[in-house]
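So the protein lines, in turn, are chains A and B. According to numbering that gives the first Met the number 0, the first sequence is numbered sequentially starting from 0. According to numbering that gives the first Met the number 0, the second sequence is numbered sequentially starting from 0.
Hints are computed from structural coordinates only; laboratory data are not their basis. Given the structure is predicted, the values throughout are model-derived calculations rather than measurements.
Facing chain A, from chain B, some residues (calculated, C-beta under 10 angstroms):
1. Leu-34
2. Phe-47
3. Ala-48
4. Gly-49
5. Thr-55
6. His-59
7. Thr-86
8. Glu-198
9. Leu-217
Partner residues aside, some chain A positions facing chain B, computed with beta carbon under 10 angstroms:
10. Gly-43
11. Asn-51
12. Ala-59
13. Phe-70
14. Met-71
15. Ile-82
16. Val-98
All C-beta atoms in this analysis are idealised placements derived from N, C-alpha and C, irrespective of residue type, glycine included.
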Amino acid sequence: MANSANATNNDGGHGHGEHSHGIGRYIAVWLALLAGTALTVITGRIDLGAGNIVLAITIASIKATLVVLFFMHMIDTPAANRIVFVVSLVFSLVLIIGVFGDLWTRNEMSLPSGAPSTLAPEIQVPGTPAAERPAEH
Amino acid sequence: MSSSEATAHAAPGRGDPHLAHHFDTQDQQDGAVRLGMWLFLGTEVLLFAGLFLGYTVYRHFFHEAFHECSRALSLPLGTLNTVILITSSLFVALAHVAIKQDKQKQAAGLLVLTILCALAFLVIKSFEYAHKFEVGELPGKWFSNPEITAPGANLYFTVYFLATGLHAFHVIVGMSVLAWVLKGVLKGKYGPRNNVAVELGGLYWHLVDLVWIFLFPLLYLI
Numbered sequence: 000m001a002n003s004a005n006a007t008n009n010d011g012g013h014g015h016g017e018h019s020h021g022i023g024r025y026i027a028v029w030l031a032l033l034a035g036t037a038l039t040v041i042t043g044r045i046d047l048g049a050g051n052i053v054l055a056i057t058i059a060s061i062k063a064t065l066v067v068l069f070f071m072h073m074i075d076t077p078a079a080n081r082i083v084f085v086v087s088l089v090f091s092l093v094l095i096i097g098v099f100g101d102l103w104t105r106n107e108m109s110l111p112s113g114a115p116s117t118l119a120p121e122i123q124v125p126g127t128p129a130a131e132r133p134a135e136h
Numbered sequence: 000m001s002s003s004e005a006t007a008h009a010a011p012g013r014g015d016p017h018l019a020h021h022f023d024t025q026d027q028q029d030g031a032v033r034l035g036m037w038l039f040l041g042t043e044v045l046l047f048a049g050l051f052l053g054y055t056v057y058r059h060f061f062h063e064a065f066h067e068c069s070r071a072l073s074l075p076l077g078t079l080n081t082v083i084l085i086t087s088s089l090f091v092a093l094a095h096v097a098i099k100q101d102k103q104k105q106a107a108g109l110l111v112l113t114i115l116c117a118l119a120f121l122v123i124k125s126f127e128y129a130h131k132f133e134v135g136e137l138p139g140k141w142f143s144n145p146e147i148t149a150p151g152a153n154l155y156f157t158v159y160f161l162a163t164g165l166h167a168f169h170v171i172v173g174m175s176v177l178a179w180v181l182k183g184v185l186k187g188k189y190g191p192r193n194n195v196a197v198e199l200g201g202l203y204w205h206l207v208d209l210v211w212i213f214l215f216p217l218l219y220l221i
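Next comes chain A alone, as it looks inside the complex (with noise of 0.2 angstroms):
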């Protein structure tokens, strides 16, 4: 966000002088989407408890980052496009942060969770045993 003005100022000259270092900077780009990949691969099988989630999503997001500011040029795009991307990107996390304040603050009754549920017996794994279901259907 900081060169955002610089962007703004040179938003007509897209694609006049960027050819040369062009093409080196996409397969910079590519070799750092393999390496992520690759560290994800590794670490996502290696059990870290609550880590593995958090070191997931931040390595996806970095990843993400990379494609967006490079192959698809937020980089150097007008101030306009960007706001329109970050806006969507800010609307779904209300939306997700919107849903998990709900589910935190419910009490554990009204969640489905924990086997056989007496909330939701339609969503029972088949092949569960008899006993364990709810008695009431």
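Following the hints, put chain B in place on chain A, whose structure we already have.
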């Protein structure tokens, strides 16, 4: 509008077949077209956000099942598909560089490679789907795999098929768009000044890659 701007960019102005009559310069037209594309990509992000939300909510409810089911997917095939998509993104980016330098044949070749990558992705995905059907790892009431007993496993596969299915649909659309762009390149429609279609086809393809970058760890690894 400003005639000085038109001369500054050495735009042909009126009579340019690539320029719609309501735009003054090629840059102005390309800017408007790019903004429209980013708006569309914004709606795509919101579309997939709904799916990711469904994933996180059900994962929260059925943590064990999601963990167990993610181990039922083929990690080698998933990794291979990730590498294929990332590489295809590179190809389409290089195709845009090539067309900006007026290297028509190189651009066409890179687009063909991109489309072949997309095809390879779909073929591998279809092998994965076929295996799921064989072992009964299917959504909702069709789930019939006796080895995965954690409650909620069928919901994992509902999310799996919805997310990868919607993504595969985007791969097919992206392939079609790139094939259309390729047709234009082969006809010599694009050049150093007129290549916004190649750029936007690439943008769409990068979004397909972007979605998979998140889907892969969430479905295969966690």
